[in-house]
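Asks: If you read the sequences in order, they're chains A and B. Quick note, the first sequence lines up with residues 130 to 473 if you use my numbering. Quick note, the second sequence lines up with residues 130 to 473 if you use my numbering.
Simulated from the structure, these hints should not be mistaken for lab results. Please note that a few of the clues may not be correct.
If several chains are the same, the list does not tell them apart, and a pair holds so long as it fits within one copy or across any two.
[To be verified] As a list, the in silico DSS-like pairs of lysine-lysine whose alpha-carbon atoms are at most 30 Å apart:
1) K202 <-> K155
2) K342 <-> K419
3) K336 <-> K314
4) K234 <-> K199
5) K321 <-> K148
6) K383 <-> K419
7) K233 <-> K202
8) K314 <-> K202
9) K333 <-> K321
10) K336 <-> K423
11) K383 <-> K234
12) K188 <-> K199
13) K233 <-> K324
14) K202 <-> K260
15) K423 <-> K383
16) K423 <-> K324
17) K342 <-> K423
18) K155 <-> K233
19) K333 <-> K419
20) K423 <-> K333
21) K227 <-> K202
22) K336 <-> K324
23) K144 <-> K333
24) K202 <-> K234
25) K336 <-> K419
If you want the building blocks of each chain, they are given just below.
Number of protein chains: 2
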Amino acid sequence: MVRVLQADELKSLLKNVFKSLNVDEKYVEVIADSLVNSNLRCVDSHGVSRGLDFINGIKLGEINPRPNIKVLKESEVAVLVDGDRGVGIPVAYEVTLKVVEKAKKLGVGIGAAKNLWNVGALAYYVMRVAKEGLIGVSIANAKARIGIPGIRSPIVGTNPIAIAVPTEDGPIVLDMALSTVAVGKIVLAARKGEKIPEGWAVDKDGKPTTDPKEALEGYLTPVGGYKGLGLAIMVDVLSSALIDAPYSLIISGKGPYTQGGFLIMALNPTIFREYREFIEDVRSYVETLKSLPKDPEAEVLMPGEPEARCLSRRSTEGIPLDDGVWEQLVKVVNELGIRPNERS
Amino acid sequence: MVRVLQADELKSLLKNVFKSLNVDEKYVEVIADSLVNSNLRCVDSHGVSRGLDFINGIKLGEINPRPNIKVLKESEVAVLVDGDRGVGIPVAYEVTLKVVEKAKKLGVGIGAAKNLWNVGALAYYVMRVAKEGLIGVSIANAKARIGIPGIRSPIVGTNPIAIAVPTEDGPIVLDMALSTVAVGKIVLAARKGEKIPEGWAVDKDGKPTTDPKEALEGYLTPVGGYKGLGLAIMVDVLSSALIDAPYSLIISGKGPYTQGGFLIMALNPTIFREYREFIEDVRSYVETLKSLPKDPEAEVLMPGEPEARCLSRRSTEGIPLDDGVWEQLVKVVNELGIRPNERS
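Isolated chain A (complex conformation):
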């Protein structure tokens, strides 16, 4: 069974939960907004489910509910922020606002954050940048869970890359992890007792496997083989050595609320040409790709288009939460003594 909640209702509920957990009032809005936005976009792994990881991390004392987010180093073009072991979302959001400001003045802004927990979906930050008419590019590293045949250890995290380009109809948004598939697909196969395709995973000794249970004890393969591994290594270096944050293999913490470092860049198209010309050319580009000759059932989807369609649907139909997630949320609500009238 699935419970369906409206976005507003879910957001209120999450805000109350985080407030009850002593999370700084000024951060609960953006945390809840990011999580619900992921659910609205059908990226459920980074929605309420990720919120439950935060709740767990706060309860364990690993996540600091009242971080003192502070700037460690700043120049005209760059900023480095210390997240003081807080939930990563408000930390990354603060860095995002700062790079937007820099890109508006100077044309480019680059920001980074370390000493923070999970930032949720990177799409959230690059879309915020795109909302300002700027191009956003972001990366982050995560706990090592990607491996390759022959190596008896994970090597790097699924280290995502996100890019958003503004258009008049909402941004083109790419947000992708660097594993062949999301771990969720392997969990699903395990639950159904099905084999997984060759090439999705290796077991803990680095042997290719089609057994989802062995895969879950082992490591995901990098997308596109050595190409994805190469990208994931580069993301790892730039999210760690560049800013004195941990690399994938030494990221601590047990849950998926872990993160190493976070980087974001905002780029003002006006450094190269008039904004209106840029926007017009992006529009024309999308139109060209959309009108390519194709089979009746086929379609060229722009990055972020499936998520935008989902957002449009779930904004009216509500957000379906599966039993497990809903039950855990209700349990937390009851534990914290949040009353129904506080839920909305």
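Place chain B on chain A using the hints.
Replies: Chain B alone, transformed into the frame defined by chain A:
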């Protein structure tokens, strides 16, 4: 049969060829250096073979041998250059030197070039950036040759991405096209009369194929499916609409000497931390990945490591040119009346 030439000998020969073709003296050194560097790194597709494309383009009158490379727009952080339809290598190189200068002063520099022919291997430019102790990131778009099932047209080019990070033992360098495999592998299968694996290509009607001949008339698939396609689309937008250059589908010219736009960024690690700390952490990162538990025959290779090994080998053993490439080069040398004593 294979003809082996020493790098110096090959570079001299190429310089003389380009001089004889009326290419501006001040550009022949960097053109020859980039091409030979690709051969030294075993990236033969971007070596002498690409040089032959340039020679052809110059003869056809498509490539301007004496371009007036000029700055169209420049600020403290960014620069846009017009290549005046010249070989892309000196154009991209000039942009590279400019972003290095900016990154040394300001911390970050972003540059772009349009109206240029092929830039050769992106690795060349990001390695030049890394030589200065800076991080280099570069992208470029190319003529559309990537397609997906159901679409009866190519969609985007193989639009490469390159990143270089400096280390004390030479840079970590990623330089990858966004197709599943290089077209060369399909050409090879066709020559041998072998089938190609599923997933490498679609035919010209967008139907998956294992026939290399159909594949060569059709399109390469994007690496990692929709992830690679998404990245290739983003690279296309940033290499075209952002700088008023053509996108993959409208890039003109018949040969692989075509290119849309070129972008490069130089990033000074000192915007975030002390340079020596950064370099030390990169060194320690590489060491960690190198010492992971593994099977006897397995190895974690850093991006660019196979190419660096090849460079070391070919620097002493020489560069092997296959019959086809060597014959074409000899033909050009004879046509231009270059005498043997001018070759070295």
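Asks: Determine for every hint whether it applies to the structure shown.
Replies: Results of checking the hints against the structure:
1. K202 <-> K155: within (23 Å within a copy, 42 Å between copies)
2. K342 <-> K419: between (40 Å within a copy, 28 Å between copies)
3. K336 <-> K314: both (19 Å within a copy, 26 Å between copies)
4. K234 <-> K199: Close inside one copy (22 Å) and across copies (25 Å); limit 30 Å.
5. K321 <-> K148: Neither: 38 Å inside a copy, 67 Å across copies.
6. K383 <-> K419: Between copies only: 25 Å across, 43 Å inside.
7. K233 <-> K202: both (20 Å within a copy, 17 Å between copies)
8. K314 <-> K202: neither (41 Å within a copy, 48 Å between copies)
9. K333 <-> K321: within (22 Å within a copy, 38 Å between copies)
10. K336 <-> K423: between (40 Å within a copy, 11 Å between copies)
11. K383 <-> K234: neither (41 Å within a copy, 42 Å between copies)
12. K188 <-> K199: within (24 Å within a copy, 60 Å between copies)
13. K233 <-> K324: Answer is neither; intra-copy 51 Å and inter-copy 53 Å both fail.
14. K202 <-> K260: Close inside one copy (26 Å) and across copies (25 Å); limit 30 Å.
15. K423 <-> K383: between (46 Å within a copy, 24 Å between copies)
16. K423 <-> K324: Only across copies: K423 and K324 sit 26 Å apart there, 33 Å inside one copy, limit 30 Å.
17. K342 <-> K423: between (39 Å within a copy, 21 Å between copies)
18. K155 <-> K233: Answer is within; shortest intra-copy Cα gap is 25 Å, inter-copy 38 Å.
19. K333 <-> K419: Answer is between; shortest inter-copy Cα gap is 18 Å, intra-copy 43 Å.
20. K423 <-> K333: between (43 Å within a copy, 11 Å between copies)
21. K227 <-> K202: Answer is both: 12 Å inside a copy and 25 Å across each meet the 30 Å cutoff.
22. K336 <-> K324: Cα proximity of K336 and K324: in one copy and across copies (15 Å, 27 Å).
23. K144 <-> K333: neither (39 Å within a copy, 53 Å between copies)
24. K202 <-> K234: both (18 Å within a copy, 17 Å between copies)
25. K336 <-> K419: Classified as between: cross-chain Cα gap 19 Å, same-chain 41 Å, threshold 30 Å.
In terms of the numbered hints stated before, the structure departs from hints 5, 8, 11, 13 and 23, listed from lowest to highest.
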